[in-house]
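Q: Sequence:
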Amino acid sequence: MERFQSISHLENGLDIKTAGDFVKEAIKCTSKVSIRNGARRGDAKLIFNVMSLNIQKGDVLELELEGDHEKEDAASLMSYMETHL
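Residues in the sequence shown are numbered from -1 upward in steps of one, following our numbering.
Derived by calculation from the structure, the hints in this document are not laboratory data.
Just so we're clear, the structure is a prediction, and the values are computed from it rather than from any experiment.
Some hints could be false.
The calculated lysine-lysine pairs, modelled on DSS-like cross-linking and capped at a C-alpha distance of 27 Å, are [said to hold, decoys possible]:
1. Lys15 to Lys55
2. Lys43 to Lys69
3. Lys69 to Lys22
4. Lys22 to Lys43
5. Lys69 to Lys26
6. Lys55 to Lys43
7. Lys26 to Lys55
8. Lys43 to Lys30
9. Lys15 to Lys30
10. Lys30 to Lys69
11. Lys22 to Lys55
12. Lys26 to Lys43
13. Lys30 to Lys55
14. Lys15 to Lys43
15. Lys15 to Lys26
What follows is a list of derived Cβ distance ranges for each label pair [claimed, not checked]:
16. Gln3 to Ile25: 28 to 34 Å
17. Ser77 to Gly18: 16 to 22 Å
18. Gly56 to Met76: 15 to 21 Å
19. Lys15 to Asp66: 16 to 22 Å
20. Glu9 to Met76: 19 to 25 Å
21. Glu64 to Asn10: 27 to 33 Å
22. Gly65 to Asn10: 19 to 25 Å
23. Asp66 to Asp13: 28 to 34 Å
Just so you know, even glycine gets a beta-carbon here, dropped at the ideal spot from N, CA and C.
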């Protein structure tokens, strides 16, 4: 299992387009990807789960990845999140 944290830099919080783009990136991963914002947790490959996290600027997001390529998938998502979330 791989875990990492990222801080949201979205000025107006997570909107549907940004969430959709993130989900598309998560779907590319072969690993199971979970995302957590505080006490809320969801499957990062499902847009309704991601939107339900109510991500705002400054939120600390934690991702967990499980699978055969979890290290590569984690590196890819970490890079994506640093530039887009």
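Q: Tell me the numbers of any earlier hints that the structure contravenes, in ascending order.
A: Checked against the structure, the hints that fail are numbers 16, 19, 22, while the rest are satisfied.
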